[in-house]
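Colleague: The lines below spell out each chain.
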Amino acid sequence: MSTDKQTLLDYYRKMVLIRRFEETMEEHARKGYIPGFLHLGIGQEAAQVGTMASFQPGDYVLPDHRSHGVCLMVGTPTREVMAEIFGKKTGTNGGRGGSMHVADFKRGNVGNNAIQGSTMATACGLALAAQVKKTKSVTFEFIGDGTVGRGEFHESLNLAGIWKLPIVYVLVNNGYAISTRATDAHPLADLAKMGCAYKVPGITVDGNDVEAVQAAAKEATDRARRGDGATIIELKTYRWQGHFSGDPASYRPEEEVKAWKEKCPIKRLREKLLKPKMADEAALKAIEDDVEREIQDALKFSIDSPAPTIADALSFVYVGREVTGK
Amino acid sequence: MRTLNYKEALNEALHQEMANDSRVIVLGEDVARMGGDFGVTMGLLDKFGPDRVRDTPLSEAAIIGAANGAAFCGLRPVAEIMFADFITECYDQLVNNSAKARYMFNGQVMAPIVVRTASGAGFRAAYHHSQNIEAWFMNIPGLTVVAPATPHDAKGLLIASIRDDNPIIFLEHKMLYGTSGEVPEEPYALPIGVAEVKRPGTDVTIVSSMKQLHYALAVADQLAAEEEISCEVIDLRTIKPFDKATILSSVKKTGRVVLVNEAPKTGSINAEISAVITEEAFRDLKAPVERVNSLDVPVGFAPVLEDYVIPGPAEIAKAVRKVVDY
Ligand SMILES: Cc1ncc(C[n+]2csc(CCOP(=O)(O)OP(=O)(O)O)c2C)c(N)n1
Ligand SMILES: [Mg+2]
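Which chain is which? The protein sequence lines are A and B, in order.
Start counting the first sequence at 1; every next residue gets the next number (my numbering).
Start counting the second sequence at 1; every next residue gets the next number (my numbering).
The hints are simulated quantities; they were obtained by calculation from the structure and are not laboratory data.
Derived lysine-lysine pairs resembling DSS-like cross-links, with alpha carbons at most 30 Å apart:
1) Lys326/A / Lys252/B
2) Lys133/A / Lys47/B
3) Lys100/B / Lys136/A
4) Lys275/A / Lys263/A
Throw the hints in and build the complete structure from the sequences for me.
Modeller: Here it is as structure tokens:
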């Protein structure tokens, strides 16, 4: 595949940003800065960056619980996503969302969600609104392989099939739903084929190859924007960490993890950039240093930011109706 | 004034609001071609077209999820869940998404959806087509539950619900669809959260809603004529939040309370209203609060089973005499 150098360097920066973001989150969760659950997407950066390359202003995305990277890709400042995960007032949701509920509506991030698959249904409404309002907006719906078991997966595909909804279903198949192997949970090995019954075409691609992901996502997005309906893109990849930060993941063989780490999407792109001398070490190092500055700035911002106040606990329960505090 | 039945009043409300506001859309099973299982959405497809009036497959979760997504994009969806009993199929969407979207996303969105559904016993339709479900929502911050008892209120409250910015569960009692009453022709909105004193009285306060309200009114007439007991009858109209002020000021006057609700007794809305009266009007009470509910038993099929379980005028009259004789 022949993506131009500038674009590849852009993908490289984004993937390194996500990797360093996640590593920094993991480190600070361990240090006790981050309340609650943290699901890391280390190893899945190509899937996130490659897909979101087709996202345009006016589009919607429903990231899932492992999608901090997707939240960054809509253009929300890294500071704001990170501060949200720290539970700080300066975060995207004022600290009331956290890792599993980062939303930035003005940029099209309709919020990730902790009920697996429930946004499959929300996606139908975003896409339906695009039809009713006659806009060209496309909805990107991120789910994992495990989520294919949910009822809403089928309801959503069926509705998308009959209404030709402009949705790109991004099925990140990392092989596991917590400890359960995708191959034990679903009869098909290639889950993209699940759309078949609903006339929603699917394509399975190497989720660690950012260019392949980008190409598949672009085709699906163009199709949706033309009014030809939804597509499933299944991205085969692997999560390096446990299900959540702190999960030792003893349910997977060491060799399997090792083998997948060899297939690191960032290493792969780095090698590609270096081999035909599209970029030299120094150029890549400069990108990495630049990312590091961004991460450190966001980290300082997140640590220094204030927490929400008690008064925040009582706002936004209802529109136009107060609730009483203690 | 012109009379309409409850179903026609609801239908008129939908016609008028769809004409008045192009953001209003209607979706659900059999709502378009057929005009709804009970005829409430009759004529909408012809007048407003297939973009705004959509038949869906049997996908309750997708119906509510799609309503949420469309609402996030500025539309005003009115979703029909054919029978209230089927709310279980989309309960997650309502509880985890509709109710919480505004709060968890820090006020970035509203979910102004109306979920209309046919509830209540009396149709001889047994377990899965007869339940009263208001209590299922009492414990969910963010939701509002509206329950009209008359054609006049059905129209005014449906219009108000569509215009309201909060997600609203709109309960219609299936035994009321054919009941008639005066309904103004012009569109009007009744306040949500405000009960109505349907019949003033001095001895006993009866608090009820939907079909049971009509029993309560009949009992009040009968007891006034035959036993010189003066009952004040309150129609809740909105069940969550219920109108504390109207209830408490009546209790202050009468000191005796009978709460009438068609759902099973344990954990019903009567339990909550009773708790509030005990907390806030304990000294006004001349007798313990009496609750008239269905038994803690499913609604069975053979008429003798249903009639035994669901309360009626005899139980209400007995409860009134009990608080008077205390
Ligand atoms: C409806 C629902 N069921 C179960 C869970 C608990 N849970 C959270 S993530 C997860 C596994 C999801 O697996 P997958 O969809 O493959 O995503 P991955 O974690 O691999 O990214 C489970 C079972 C949940 N959050 N929601
Ligand atoms: Mg998985």
